[in-house]
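Start from the sequences, fold in the hints, and give me the full structure.
First residue of the sequence shown: 717, per my numbering; consecutive thereafter.
Accuracy of the hints is not assured; some may be wrong.
What the hints assert, rightly or not - Once the Cα atoms are required to be at most 30 Å apart in a straight line, the calculated DSBU-like pairs of lysine-lysine come out as:
no., residue 1, residue 2
1, Lys831, Lys817
2, Lys762, Lys829
3, Lys758, Lys817
Source of the hints: derived by calculation from the structure; they are not laboratory data.
A quick note: this is a predicted structure, and the numbers were derived from the prediction, not measured.
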Amino acid sequence: MSKLILTQEVTGLGAAGDVVEVKNGYARNYLLPRGFALMWSKGGEKQVDSIKAARSAREHASLEDAQRQAAALSAKPVTLTVKAGGSGRLFGTVKADDVAKAVEAAGLGKIDKRKVELPAHIKSVGSYQANVRLHEDVAAVIDLDVVAS
Numbered sequence: 717m718s719k720l721i722l723t724q725e726v727t728g729l730g731a732a733g734d735v736v737e738v739k740n741g742y743a744r745n746y747l748l749p750r751g752f753a754l755m756w757s758k759g760g761e762k763q764v765d766s767i768k769a770a771r772s773a774r775e776h777a778s779l780e781d782a783q784r785q786a787a788a789l790s791a792k793p794v795t796l797t798v799k800a801g802g803s804g805r806l807f808g809t810v811k812a813d814d815v816a817k818a819v820e821a822a823g824l825g826k827i828d829k830r831k832v833e834l835p836a837h838i839k840s841v842g843s844y845q846a847n848v849r850l851h852e853d854v855a856a857v858i859d860l861d862v863v864a865s
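Written out as structure tokens, the structure reads:
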């Protein structure tokens with residue numbers, strides 16, 4: 717088992733700044749090469765503190781703010797205008813960053829692109845849903861309308 721410090725939130729494992737133990741292969745082949753974690757060391761406590769401080773600065777100040785934004789996100793669909801061909805197939809895919817920018821442009825507040833989870837690759841025009849983790853206890857579902865420009 718490897719002891720690691722998470723640098724980003726990993727679904728099903730933990731949040732940034734958490735110290736976790738995982739199997740060696742998972743650490744060596746997935747978490748470390750992608751930059752999701754660092755090897756734990758005794759001097760790593762300073763890193764844990766700085767990672768947690770950065771995470772708390774990015775998160776919502778309170779649970780009520782997160783719930784308020786979740787209600788606003790769920791109430792109104794977000795429209796994404798992207799380049800598409802004649803058959804409705806997109807030139808590329810819709811990414812989490814695109815969703816975050818569209819939410820901000822729609823006036824629904826600013827969200828972190830790392831908190832957006834797309835269930836599948838969006839490669840054609842249509843209606844989709846995306847999950848957003850606003851707080852540890854609050855998640856919102858965004859209705860996305862992808863239209864051709």
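Structure-inconsistent hints, enumerated in ascending order:
Violated hint (a single one): 3; every other hint is consistent with the structure.
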